[in-house]
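2 protein chains.
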Amino acid sequence: MIQSGYQLISDLYKMKDDSGAAGKAVNIRGWIRTNRDNGHIGFIELNDGSCFSGCQLVYDMDANGELKEASKYLTGYSIEVSGTFKPTPGAKQPFEVLAQEVLLLGSCDPDFPMQKKRHTLEFMREIPHLRTRTNTFSALFRVRSILCAAIHDYLQQNGFLYITTPIITGNDAEGAGEVFTVTTRNDADYENDFFGKHACMTVSGQLHVEPFALSYGRVYTFGPTFRAENSNTTTHASEFWMIEPELAFADLQDDMAVMEGLIKYCIKTVLEKAAPEMQFFNDLIDKEHTLISRLQAVADSSFKVLTYTEAVECLRESGVDFKYPYDWGCDLKTEHERYICEQVAKGPVFITDYPKDIKAFYMRMNDDGKTVAACDMLVPGVGELIGGSQREERYDHLVKRMSELDIPVEPLKWYVDLRRFGTVKHAGFGVGLERFILYLTGIGNIRDTIPYPRTPGNLTF
Amino acid sequence: MIQSGYQLISDLYKMKDDSGAAGKAVNIRGWIRTNRDNGHIGFIELNDGSCFSGCQLVYDMDANGELKEASKYLTGYSIEVSGTFKPTPGAKQPFEVLAQEVLLLGSCDPDFPMQKKRHTLEFMREIPHLRTRTNTFSALFRVRSILCAAIHDYLQQNGFLYITTPIITGNDAEGAGEVFTVTTRNDADYENDFFGKHACMTVSGQLHVEPFALSYGRVYTFGPTFRAENSNTTTHASEFWMIEPELAFADLQDDMAVMEGLIKYCIKTVLEKAAPEMQFFNDLIDKEHTLISRLQAVADSSFKVLTYTEAVECLRESGVDFKYPYDWGCDLKTEHERYICEQVAKGPVFITDYPKDIKAFYMRMNDDGKTVAACDMLVPGVGELIGGSQREERYDHLVKRMSELDIPVEPLKWYVDLRRFGTVKHAGFGVGLERFILYLTGIGNIRDTIPYPRTPGNLTF
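Line by line, the protein sequences give chains L and H.
Sequential numbering from 1 applies to the first sequence in the UniProt record's numbering.
Sequential numbering from 1 applies to the second sequence in the UniProt record's numbering.
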């Protein structure tokens, strides 16, 4: 117990099954969500953030005239309460606290925006420092924290070392989109800049983490990445977190085994450790109210595998009038991915062996010379959740492919050189944390999954 | 088991206590650290990165002429080995593998720099993609990963939610040092820049995480932070990771309890989970070869507390001829901190209640009007390891202090406003991850604790 002298509401939830707890003296602190009374008895819904659920306080103004003051305390006020614990088996809330003393800690000025009435998610994006006090964001940021812990746990338990790849990088030649420049000057004179050359913010830790896989076998990055793309969509943010595991002595099959294991572990852990939050999303956010059962089905399923070529064949045979073309060589769009996933595989599916021209230079060329050992993991309702690949470990193949794509070798000599010094097969993948949260919660906009979202033109605080 | 068809060397270390394991067929893969032979029998020290220690392979060229090829394989080559497991109780290494087949996976070009001879740490900083294959860096990056996991574990177990505060921020007015600008332009026209205003890289997540503490009670950030300071020292980097817990309904005492608990838990966990690595640092890096016993003593001790005023008094009474002044009001230097810690407290000590003028604007003013509720945690051999404070939760006090220090309120209105909406006592602290690693390992330079260190003029890859 870190703090002494009071209980957390999460402690009270543990007390509820203790037969000797009834009548025990408790002292709790938190913020008022609602406060109503009938002139004699009042009810405060108190939340201290220690768990998703709050605690009902009952104050009897007839029995104790001093408690009349409590009826003036409004939504958002912080209070300290001394009282007794009362189990209420069978009731909606399993216990309540009968207040003997209610002490005001901090009131709210009248312009406090988080009143009881519902606000739109759009409005609340402008007040990221206060939207945290709503049920929706409490559930979101709890799931985010539990998910992050689950990711670390799964990978650490499976022998992966956590490597923090750099945010500031001199490698802006990866071609993964537009980048932000990092500078201490205002004139773009990068030779005389802080690092003596152009510096930018990372778009992916993959290239930097590969040397660690080629030393320690199994490693992962988990950190922020950045895209300076001027796209205003519900799934793009300029700053987002990525998990990028990388495995040595591994091929695409091994890679997919880790992806499947990670996703299933995370779903199970979130359903277990964030049960009230997930029930909230199921009941109030998901339109069909089937979120939990859909996730459980994915966690219990065996993921299927289709090659890209097979997938295109399925689209062709479907007879469906798709909006976008799906000829061999085209990138699959979300409508195609969802058809394959929901109608063909009827569950999570890996699409493998994509045409080389729609994938990155570092992916391993297959023997057909046309496709690469890449895979995307598709899930029902969303489409692509993860992308991965076996990396090209053969020096000659890699240099040839870079040449074909006009990617200069010199800035990436260190990366290419890994193929000259004890090269081994290796593979990896990248998961976008926020996309995963969208999938787990059913929330519709990436801006609501990030504490302080950054998008073009938006930098609140 | 993620990968099938072969064992990790860490698996073999688990087999060594299994009485039925002798003679079992094994298949392992890794990189050659050393290879020597007497013309008849050869010995390869193989490392696959699954654990700090490697595995000795024995190949009998007399018994199997095909194994003569293996004697040509050099340091750094990657190989796959089929053989049998042989426990060697009492020997330096608890088992060896008798090779039946040694397959070359990847050779090394002659310019492979990581030959058996010792390289300086300075030299290896220029090849961050290859230095990973040495014992020193293997130990360092393993301890880094285990320490990161321990930090997450301790905080999650104690009810702290993990919050990822933003890297790109519009708040450059915190006064915590020089900042990097983030831009997509080359002309400093920030009004027409990506975010429509000047953007920079965060120097601390504290201000951004406070609203989350004032919603969920206990939270922490753990992410990269940046300083554009032109200082070339052994303890400064331009990019480093910080852990910043923040607690609501908490004062400086509660804050110190978490700091002490976190440090002790991390020391114990690293000593337990990174035992071979810590033995390596104890024996080969620490000058006095007492690293482990010193850390164990800290983990077992009860941290002392002295006020700043008492500490200055101790310095005055010491009779020691310090290099720097230590009058009341001066910042304590490392020599003072180490004297207090090593000679007065004889162990870890918190110094509390510093003069307000040497601490940040957001720290809570004490009743004396001269000191603030801040604390630094000092440890023997290093000095300051963590700094924390209770935050000023009183609106009037905070605004007054900002005015005294000429800090404009407008850009931080959101932060100040938290004091108008259900304000409560709260406190927090910041731990520099790399400084903690320096302390735990005895390594001398922060550049060696970071996968790709960034310092003025240095941006390797």
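You may find that some hints are simply not true.
[Claimed, not checked] Covered stretches of chain L, as calculated for chain H (at least 3 residues, CB under 8 Å): (1) 74-84; (2) 196-204; (3) 241-255.
[Unchecked claim] Listed next, the in silico DSSO-like pairs over lysine-lysine satisfying Cα-Cα at most 27 Å (straight line): (4) H/323 - H/273; (5) H/14 - L/273; (6) L/197 - H/117; (7) H/117 - L/413; (8) L/14 - L/68; (9) L/268 - L/92; (10) H/359 - H/346; (11) H/333 - H/273; (12) L/117 - H/413; (13) L/68 - L/92; (14) L/273 - L/287; (15) L/413 - L/197.
These are computed hints drawn from the structure, not numbers from a lab.
Just so it is clear, the structure is predicted and the values come from calculations on it, not from any experiment.
We put the CB at the ideal spot given by N, CA and C, even for glycine.
Right, here's what the structure says about each hint:
1. 74-84: It holds: at least three residues are needed, and the stretch 74-84 of chain L offers 3 whose Cβ sits within less than 8 Å of chain H.
2. 196-204: Result for this restraint: holds, n = 4.
3. 241-255: holds (count 6)
4. H/323 - H/273: Between residue 323 of chain H and residue 273 of chain H the Cα gap is close to 40 Å, so the pair fails against 27 Å, i.e. violated.
5. H/14 - L/273: The hint is violated at about 31 Å.
6. L/197 - H/117: 33 Å, violated
7. H/117 - L/413: 24 Å, holds
8. L/14 - L/68: With a Cα-Cα distance of about 30 Å, the restraint between residue 14 of chain L and residue 68 of chain L is violated, given a limit of 27 Å.
9. L/268 - L/92: 26 Å, holds
10. H/359 - H/346: Roughly 26 Å between the alpha carbons, so the hint for residue 359 of chain H and residue 346 of chain H holds.
11. H/333 - H/273: 34 Å, violated
12. L/117 - H/413: Since the Cα atoms of residue 117 of chain L and residue 413 of chain H sit roughly 24 Å apart, the hinted pair holds (cutoff 27 Å).
13. L/68 - L/92: Distance ~26 Å between residue 68 of chain L and residue 92 of chain L Cα, so the pair holds.
14. L/273 - L/287: Holds: residue 273 of chain L and residue 287 of chain L sit about 23 Å apart, inside 27 Å.
15. L/413 - L/197: This hinted pair holds, its Cα atoms lying about 17 Å apart.
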